[in-house]
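**Student:** Residues per chain are reported as follows:
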Amino acid sequence: MTFRNPGTGDVPAGAGRTGSGRAAAGRTGSASGRPGGSGRDRRTAVTVAAVWGALVCAALVAGPLALRDRLPDPLATHWGSNGVDGSMSFAAGLAPSLVLWGVAWVFLLVSAAHGEVLNRRGGRAGWWGFLAGGSVFALGVSGSILLANLDAADWRQAAMPGWAIPAVLVAALSTGVLAGYLGRGEPDRPVEPGDAPTMRLRPGRRAVWAGRAANRWMSWLSAAMLLAGVVSGTFLLLGAPAGEAVWAVLLPLLPLAAIVSLVSDVRVRVGPDGLRVGFGPFSWPAFRVPTEKIAWATAERRSPAEVGGWGLRGLPGTGRLAVMVRGGECLVVRRAGGGDLIVSVDDAERAAALLNAYAAEAAAA
Amino acid sequence: MLLTLDLNDPRPLHDQVAGSIRRAIAEGSYAPGDRLPPARDLAGALGINVNTVLRALRELRDEGLLEFRRGRGVSVLSRPDARAALQEAARELLAEADRYGYGPEEVIHIIRELS
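Line order of the protein sequences matches chains A and B.
The opening position of the first sequence corresponds to residue 2 in our numbering, with each subsequent residue numbered one higher.
The opening position of the second sequence corresponds to residue 223 in our numbering, with each subsequent residue numbered one higher.
Worth double-checking, as some hints may not be accurate.
As the list claims (entries may be wrong) - Estimated spans, in silico, between C-beta atoms of each pair: (1) A:182 x B:283: 49 to 57 Å; (2) A:309 x B:253: 27 to 35 Å; (3) B:333 x A:313: 50 to 58 Å.
No lab work stands behind these hints: they were computed from the structure.
Using N, Cα and C, we set each Cβ at its ideal position, and we do this for glycine too.
With the rest of the complex left out, here is chain A (with noise of 0.2 Å):
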């Protein structure tokens, strides 16, 4: 920043945010993003889940193929309340517990290598459980499978055992806990008062500041459930045959349809008044934060795996609230009394800035 203008106290005193600050930490910004989980950390998780992911796909593949002179074709794959009600051949038969855990296989090394959920001690809690307790539903769905038609005949003498489903999901979930607490790694720096950015108000002047966060995934898919919303309801209407079970899935589409479309595009604002944050195309519904009950703020990066999701996330009583629109920067502001609002927004830094500067004024007068 060669040229400030003079006396101007409208960049935040945050960390190199300036001009060329801003460009060369370009379009992902710097807000507050102390790697927890360090490089090592990270390599170590992507080694690990490769190399795991990696046996459990061959156990998938090969477990079968050792047993096929043992198990019947097809293969016994479905089992309802009266026993075993549906069949597969033996390639399709294995195809399921494959993809299932090959596509968890590929999104646990995707978000390792390049996201941020290893950053914070929530996130790496939920991806080693979700690695661990992963692959053991697989492993147990395909074993399971497998322990039922082993030397059966025919695929309608194969029974399943009533305990192999409770035990695979309970097996699954330890494991997922146990795995979790092992690789949560050290705890989170706590976020201090001082860590807060903060600028310059001057008399005279009103400094505003508005910002969004939008999820494009989120918005196609509101537009392809509002699809399938409308377009089957049309038919419903115009007297096609459907039974009352097409109904019962419908009709939960168009609401469904509207709340996802409300937390894909989230808008916030930051005045004299406090913080406002507006949900949807048409920036409503909202909600306030008046300036007198904010403590501080931070801008923080946070990702869906720590807060629960995404959308508006909160357990009542916590007073903690989430509004998490994509994984990234957010807005996290304390409030007076107590309890945290996280609400991802691009350019979060300057918002908390000003945030700051507001609340330290209302805590002034």
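Given the coordinates of chain A, work out where chain B should sit on it, guided by the hints.
**Tutor:** Chain B alone, transformed into the frame defined by chain A:
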């Protein structure tokens, strides 16, 4: 996008909004290709009419700083050149000086002293 309006600035409001956006782009808080918040949001945050903001955005488009695209909203096309950025800074300096009772000649004198 951080915008500041000077409540005592005698310039028309749309000029001030345009100046504020120009400065935000010049400072690099928005890089070429970045999308601006919708005009409705900016207007809501500033507490002014959306048409005022739209007028400011059109001015900046005519300057070649912004581009309007159907369905994609308004995005930054290029950074203002050094001269335009300096002009904006100088305009603010003069406004600030005016508040302290200094005229342009005195500001020029101060600048001479500094350089």
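**Student:** So, for every hint listed, does it hold in this structure?
**Tutor:** Hint by hint, here is what the structure shows:
no.: 1; hint: A:182 x B:283: 49 to 57 Å; verdict: holds (55 Å)
no.: 2; hint: A:309 x B:253: 27 to 35 Å; verdict: holds (33 Å)
no.: 3; hint: B:333 x A:313: 50 to 58 Å; verdict: holds (53 Å)
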